[in-house]
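Chemist: For reference, the chains in residue letters:
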Amino acid sequence: MQPITPAQKHAAPQGLQWIISDIIAMTRRGLLRYVRLPQLLVFSTIQPILFLLLFTYVFGGAIKTPGLNYLNFLVPGILVQVVIFGSVQTGVGLAEDLNKGMIDRFKSLPMARSAVLMGRTLADLVRNILVMVLMITVAFIMGFRAEGGFMGLLLAMALIALFGFAFSWISASIGLSVKNSETAQVAGFIWVFPLVFASSIFVPIDTMPAWLEAFANISPITVTVNSVRALMSGTPIGDNWWQALIWIVGIMVNFSTLAVLQYRKVK
Amino acid sequence: MEPVILVEDIYKSYGTVHALEGVGFQVHRGAIVGLLGPNGAGKTTLINILTTLLKPDKGRAWVAGIDVAQNPAAVRSRIGLAGQFAAVDENLTGKENLELVGTLYHLPPKQVKDRAEQLLREFSLDDAANRQAKTYSGGMRRRLDVASSLIGRPEVLFLDEPTTGLDPQSRMELWQAIRKLANNGTTVLLTTQYLEEADYLADAIVIIDHGKVVAQGTAKELKATIGGGVLKIHTPKQNVPALVQALSEFNPHADTALGIVTIPVKEGIKILPEAIRKIDAANITISDIELSKPTLDEVFTSLTNKK
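Residue numbers (my numbering), protein chains in the order written: chain A, 135 to 401; chain B, 17 to 323.
Simulated from the structure, these hints should not be mistaken for lab results. Nothing here was measured: the structure is a model prediction, and the numbers come from that model. Every residue, glycine too, gets a C-beta built ideally from N, C-alpha and C. All clues stand as given, with none of them false.
Some chain B residues judged to face chain A by a derived CB distance under 7 Å, without partners named:
{"#": "1", "residue": "Thr67"}
{"#": "2", "residue": "Gly99"}
{"#": "3", "residue": "Phe101"}
{"#": "4", "residue": "Ala103"}
{"#": "5", "residue": "Asn107"}
{"#": "6", "residue": "Leu116"}
{"#": "7", "residue": "Thr119"}
{"#": "8", "residue": "Leu120"}
Let's have the full structure, built from the sequences with the hints guiding it.
Modeler: Below is the structure:
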């Protein structure tokens, strides 16, 4: 064993460069999780593809979507659903880190505090973009067409990615509260499931009872899906885009602050 | 000599649970200090405070000359921590685990690579370097965990129950690795529930119980505090009263159920022939006689059962 030089000093964490290098290292680690556990990616892709097939060919005929064929109506919604369910993994991963003592190790290192959370949420952002590209490819094979053109498609994907990133912060906060990966999985799904259905993802909301329609109307999911649908199909976007952005920014600011506070205190 | 770890009157409570109630001690450079105590004594809380994971309610502590509460960031770049659970990322290979921690210590990339390879060799993990840690045995995980805590060449290494759950062979290997580190100047503070471990490894032992330091010193000093040991005489049960009578001047203690009479050894071995002469004179049959040195176990029990 080489002699340990006891007096070796490292500078205290400082500067943007260190923070960025920590975030890159942690994001890479987060992405390696999906490379090493490909089943996480496979299942998070199979489920929406099944939904896409089932809803299009089983329910599609019975659902009236004025102005759009059902596949073109559904794809934007399914993509938003993909990132919502995908964001659950952010909390699961953090809860796992807590259980296995990784958070204790990270906290004892001279690294940027924010990098642990940023690494997870950014890795899940990259993962979401990959799954989205895969889903759009499948959708194109099934006959989906983006009438809004390539720019519309790109803008729509950017909006979905941002939306998923915001939801990752909610999920991070859940993961840090429940501190157990199985619970994080359940707690992450249980509240979004009704929200996903009570929105414009699968059906036009004006067929819902008035009370539910009123709820679905203000749901962040509905305004985001409506914006994505408008961008992809080239129809007027209306007020949806700014409502979606307000939701996204609001969720991101509030839940990233909450998650950071929780991370500081968590043991 | 200036202490590397200095702990002064630390208090920490979780609600109504008082984990630490005025702990103080110091550790010299290059020493291995064993923090010994029963479950719930406050060992992990203390480690968490010294590694900047927790803030104390009251009191101060310095690690490598730096106040842990005032400048935690500077402390973090000088310490290594291997916590109670082996903190390895199962989805990464052994090498990737080490390189991740090295990068987070902000070592130059070249040094991260070299150091990782060196540690993999030193902890006999080079054959498994490119395998995911989920395929590792418990002992290998622990070694990888300790190796990770060393990648930044820490001045002070904190090990929280490092050998819990390890088989005897892995435990011995880890002990040797820790010894080597201390020989090379790294200061090691480890917590343990195993007295044997503290006895073998630690230059100094700090015993804590109910959040307070109840004793400290070398294993030898601690053993000396409870005297020179005991002489145990085994005899058929019916002989116990007669034996106690015969040995009355030595302050005997009788366990009638087991047929054992114990007498404290105060002034060395000469008590043995004296006792035998008395037993012989009284014509009592005995089945066995043993002289036992005090163990750290007895020190520990006598200290932590006081209340």
